[in-house]
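A.B. asks: So you can see what is in the structure, the chains are spelled out below.
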Amino acid sequence: MTSRVPAVEPGGLAGHLDGFVRAVRDAGVPVGISQAVDAAEILTVVDLLDREQLRHGLAAVLLQRAAQRPTYDVLFDLWWPLSDRPPVPEDDRDEAPGDGGGEADCTLDLPGSAEDLAELMRAELLRLLLDGDEEALRRLARAAVERLGRGQPSPSGQSFFSYRVMRALSPDTLVARLLSGLLAEGDRGGLAEQVARQTLRERLAAFRAAVEAEVRRRTAAEKGRDKLAKSAVRPMADQVDFLRAQAADLAELRRAVAPLARRLAVRLSARRRLAREGRLDFRKTVRASLGTGGVPVVTHHRSRTVHKPELVVLCDVSGSVAGFSHFTLMLTQALREHFTGVRAFAFVDSTDEVTRFFRPGADVVDAVQRIGREADVVAFDGHSDYGNAFEVFADRWATAVGPRTSLLVLGDGRTNYRPPGLPVLADLVRRSRSAHWLNPEPQRMWGSGDSAADRYGEVIDMVECRNATQLAEFVTTL
Amino acid sequence: MPGPQSPQFSSVADVAERLAAAGYLPDAQISTTVFLADRLGKPVLVEGPAGTGKTELAKALATATGSELIRLQCYEGLDEARALYEWNYKKQLLRIQASQGTDGADWDTVHDDIFGEEFLLSRPLLTAIRRTEPTVLLIDETDKADVEVEALLLEVLSDFQVTIPELGTITAVRRPMVVLTSNATRELSEALKRRCLYLALDYPSAEREREIVLSRVPGLAPGLADQLVRTVRALRALELKKSPSISETLDWAQTLLELGLDTLDESAMRSTLGVILKHASDQTRAAAELRLN
Ligand SMILES: Nc1ncnc2c1ncn2[C@@H]1O[C@H](COP(=O)(O)OP(=O)(O)OP(=O)(O)O)[C@@H](O)[C@H]1O
Ligand SMILES: [Mg+2]
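One line per chain: the protein sequences are W and B, in this order.
For the record, in the first sequence the residue sitting at position 199 is 199 according to the numbering used here, with numbers rising by one throughout.
For the record, in the second sequence the residue sitting at position 292 is 292 according to the numbering used here, with numbers rising by one throughout.
For the record, the hints were derived by calculation from the structure and aren't laboratory data.
All figures in this text were calculated on a predicted structure; none of them were measured in a lab.
A virtual CB, placed ideally from N, CA and C, is assigned to each residue, including glycine.
One should not assume that every hint holds.
Unchecked claim - Taking lysine to aspartate or glutamate and the EDC-like style, the derived pairs with C-alpha atoms no more than 20 Å apart in a straight line are:
1) Lys59(B) to Asp140(B)
2) Lys59(B) to Asp27(B)
3) Lys284(W) to Asp112(B)
4) Lys144(B) to Glu17(B)
5) Lys42(B) to Glu56(B)
6) Lys227(W) to Asp73(W)
7) Lys59(B) to Glu17(B)
8) Lys42(B) to Asp172(W)
9) Lys284(W) to Glu166(B)
10) Lys91(B) to Asp281(W)
11) Lys144(B) to Glu190(B)
12) Lys242(B) to Asp366(W)
13) Lys284(W) to Glu117(B)
14) Lys241(B) to Asp251(B)
15) Lys284(W) to Asp140(B)
16) Lys90(B) to Glu118(B)
17) Lys144(B) to Glu473(W)
18) Lys284(W) to Asp113(B)
19) Lys42(B) to Asp281(W)
20) Lys91(B) to Glu117(B)
21) Lys242(B) to Glu190(B)
22) Lys284(W) to Asp79(B)
23) Lys90(B) to Asp77(W)
24) Lys223(W) to Glu212(W)
25) Lys278(B) to Asp366(W)
26) Lys284(W) to Glu248(B)
27) Lys241(B) to Asp202(B)
28) Lys227(W) to Asp77(W)
29) Lys284(W) to Glu17(B)
To be verified - Now the stretches of chain B that chain W is said to cover, found in silico as 3 or more residues with beta-carbon under 8 Å:
30) 24-33
31) 86-97
32) 184-193
33) 196-202
34) 225-234
35) 265-279
Only chain W is shown next, with the shape it has when bound in the complex (with noise of 0.2 Å):
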């Protein structure tokens, strides 16, 4: 067993933190050269034995966006690894790991066989998950990878796997008992297993999470850690792709969707609401009145143009971009909350207003199923059918797009091969004020197979809109 030599050595400071700021840039954090400067002046300032020290002063200049964190997380503990064990001989093997202090949980007697360490550690994990002590769970974590998670040794070095951990321990087949730990006789069914179902998740992900940070220190520790940086580090929220976003991706990706709702929904409103202020400018005014003896002849006021903004959102809801329609209804929601001048329309291969289902003070989810359920927007076959659509909408609701009314297209642009309808749509277009089709597909792809996006974008401003990053620029300049 080796014990490497600390990553930071006396003298290499300087090199080392390069090389961290240099890693956090790849994953995609933009950090400029005064805030590398500003980093450089932390390790003056904090106490260097203070690992947390070290992690949140690092964060302060180098983040800008709280959705950097989780991947800023992962990368300081590469380059800042928790000190590596000191070598111990085989026979006392059992001590506890890491930050020292660890001897109040890990002083169980190793018996031979692996199914009996397995079944002891579960034991273990039961008793810390019940207490609730996460720095316990963390030490166990550690142990946990260190005993059961290691894979066949090869020549590159030895490998750590998370999902051998978690599979000699199946911390989910604890829940049961668990809960029977947690909750009084009469306590099931209610509200308390609801909050203790909760808790436990929580602390389960807790020691979820510190496996797979173990496994990862071990990992670099063994075969370097550039090696490993790239791959460890998930996409951050507003980076993932609308519609490839799993199911894990999901929540992060709403939270980091619904602030921009709202800043979208801000931006109109303000505009909205400055039109009809035109405050005067008392310091020009009286500027301007010294020509005229002091007196205020001319008033000089703050102007604005007045714009009322009335938008119109037709939204593809077909399974093609099932993820994508998701959260273009979450902004559509959200702009309900602030206007009365929106309408929502949605279709497959026919087209449904859904402006009833985004009442203000409706739940999103609720409002999502609600569609799929009662609104009309299949009439054939459920693939997508732009040009009926486009027509449907432009025949049924004609009105609805006027001189003031901003439209906005939320779709693929996949016609299965059928009639795009692009008169229609470059009609609709004439006639608002402004139109803007936001695709979740990237760029290169459009025109392929049955794209139309290509001709499209002909007669409309056809926005790449693959993430929230992109979402946030559109809604920057709009």
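Given the coordinates of chain W, assemble chain B with the ligands onto it according to the supplied hints.
C.D. replies: This is chain B with the ligands only, laid out in the frame that chain W set:
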């Protein structure tokens, strides 16, 4: 530029202790960032959802350092005249009119006169810069202000000086500690962010929230505080339209105390749900998901 100021805090632990003494329980991230702001003389930008303790941090910081709190509340339409300074227009007019009776006073004198100190209305930014005593400048809800205000803030926060054409340049004799807050309803400019230390506040850990509850609502039994905090976390996990914040947790704790409830069961929760959830649709969802009926 003002010379180096003696720092207010001796260590991160010192920050934590003195904020706690002022009634604010920080975590390691908060105390470290405040410590660095003090040492490096940089503003802190605190960003996070409503009710996570952004404004309160600035207040506690003022208390902990014996500073006066100067607050600039941002809103749509906030302009230089409200944020920085303004000439007292009415008073100037009166002065001009008064001078018209006496034919002796020439225009130049009147002009110099009405752009003197006496006619200047100092607004929070200028006030904070001119103070000689310790000051915490709180620029609250920065994201509500228009983008143009950011340019003004950037100017003031980089040099801590203000130029008034009629009076000349005013430079801070003593730099205030600056806290900007934002709910992230819009992205603040890169330039402004670079000027600041960034502090993302989220809902606290269960442990810290329990401590906050116990310190703010001292009469509450620890067991009930624990139950309360875990229930609030279950509500947050539902991703409601408006997740309950620390303020709501505290209001709820206060309510339970006043009603003399000693456990948080279905009926207690049903009758007090309005204290934590403000939207009817959120209440309906929560009641269903947490099996209140
Ligand atoms: N760390 C803490 N210690 C003690 N009390 C706290 C702490 N954090 C928040 N609070 C309490 O929570 C409440 C809400 O805090 P505050 O008003 O500062 O929120 P905010 O983040 O400024 O919200 P908003 O975005 O709505 O302005 C206050 O009553 C405050 O006392
Ligand atoms: Mg506030």
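A.B. asks: Give a verdict on every hint.
C.D. replies: Each hint tested on the structure:
A threshold of 20 Å between alpha carbons decides the hint, and for Lys59(B) with Asp140(B) the separation of about 11 Å falls inside it, so the pair holds. Distance restraint check for Lys59(B) and Asp27(B): the Cα-Cα separation of roughly 16 Å lies within the 20 Å cut-off, and the hinted pair is therefore satisfied. The hinted pair formed by Lys284(W) and Asp112(B) meets the criterion: a straight-line CA distance of about 17 Å does not exceed 20 Å. Taken as a hint, the Lys144(B) and Glu17(B) pair is broken in the structure, with Cα atoms around 32 Å apart against an allowance of 20 Å.
The suggested pairing of Lys42(B) with Glu56(B) holds, with an alpha-carbon distance near 19 Å, which does not exceed 20 Å. Taking the CA atoms of Lys227(W) and Asp73(W), the gap is near 17 Å; set against the 20 Å cutoff, the hint holds. Distance hint between Lys59(B) and Glu17(B) is fulfilled; the C-alpha atoms sit about 15 Å from each other, no more than 20 Å. The hinted pair formed by Lys42(B) and Asp172(W) fails the criterion: a straight-line CA distance of about 46 Å is larger than 20 Å.
Taking the CA atoms of Lys284(W) and Glu166(B), the gap is about 14 Å. The hint holds against a cut of 20 Å. A threshold of 20 Å between alpha carbons decides the hint, and for Lys91(B) with Asp281(W) the separation of about 16 Å falls inside it, so the pair holds. At most 20 Å may separate the alpha-carbon atoms for a hinted pair to count; Lys144(B) and Glu190(B) meet this at roughly 16 Å. At roughly 16 Å between alpha-carbon atoms, Lys242(B) and Asp366(W) fall within 20 Å of each other, so this suggested pair holds.
The straight-line distance between the Cα atoms of Lys284(W) and Glu117(B) is roughly 19 Å, inside the 20 Å bound, and the hint therefore holds. Among the hinted pairs, Lys241(B) with Asp251(B) is consistent with the structure: their alpha-carbon atoms are about 19 Å apart, no more than 20 Å. Taken as a hint, the Lys284(W) and Asp140(B) pair is broken in the structure, with Cα atoms around 27 Å apart against an allowance of 20 Å. With a C-alpha separation of about 12 Å, the suggested pairing of Lys90(B) with Glu118(B) holds against the 20 Å cut-off.
For a cut-off of 20 Å, the pair hint linking Lys144(B) to Glu473(W) stands: about 19 Å separates their Cα positions. Distance check on the hinted pair: Lys284(W) and Asp113(B) sit about 18 Å apart at the alpha-carbon level, within 20 Å; holds. The suggested pairing of Lys42(B) with Asp281(W) is violated, with an alpha-carbon distance near 33 Å, which exceeds 20 Å. For the suggested pair Lys91(B) and Glu117(B), the alpha carbons sit about 12 Å apart, so the restraint of at most 20 Å is met.
With a C-alpha separation of about 28 Å, the suggested pairing of Lys242(B) with Glu190(B) is violated against the 20 Å cut-off. A hinted pair counts as satisfied when its Cα atoms are at most 20 Å apart, and Lys284(W) with Asp79(B) qualifies at roughly 13 Å. Taking the CA atoms of Lys90(B) and Asp77(W), the gap is near 61 Å; set against the 20 Å cutoff, the hint is violated. Between Lys223(W) and Glu212(W) the CA atoms are separated by roughly 16 Å; this keeps the pair inside 20 Å, and the hint holds.
Distance check on the hinted pair: Lys278(B) and Asp366(W) sit about 18 Å apart at the alpha-carbon level, within 20 Å; holds. A distance of roughly 45 Å separates the Cα atoms of Lys284(W) and Glu248(B); the hinted pair therefore is violated under the 20 Å criterion. About 16 Å separates the Cα atoms of Lys241(B) and Asp202(B), which keeps this hinted pair within 20 Å; it holds. Among the hinted pairs, Lys227(W) with Asp77(W) is consistent with the structure: their alpha-carbon atoms are about 14 Å apart, no more than 20 Å.
For the proposed pair Lys284(W) and Glu17(B), the alpha carbon gap of about 49 Å is over 20 Å, so the pair is violated. Counting residues of the segment 24-33 of chain B whose beta-carbon sits less than 8 Å from any beta-carbon of chain W gives 4, enough to reach three: the coverage restraint holds. Given a C-beta distance limit of less than 8 Å, the hint that chain W covers the segment 86-97 of chain B holds, as 7 residues qualify and 3 suffice. Interface restraint, the segment 184-193 of chain B with chain W: holds (6 residues with C-beta to C-beta distance below 8 Å; minimum three).
Counting residues of the segment 196-202 of chain B whose beta-carbon sits less than 8 Å from any beta-carbon of chain W gives 5, enough to reach three: the coverage restraint holds. Proximity of the segment 225-234 of chain B to chain W, defined as three or more residues with a beta carbon under 8 Å from a beta carbon of that chain, is established by the 5 residues found. With 4 residues having a beta carbon nearer than 8 Å to a beta carbon of chain W, the segment 265-279 of chain B meets the requirement of three or more and the stated coverage holds.
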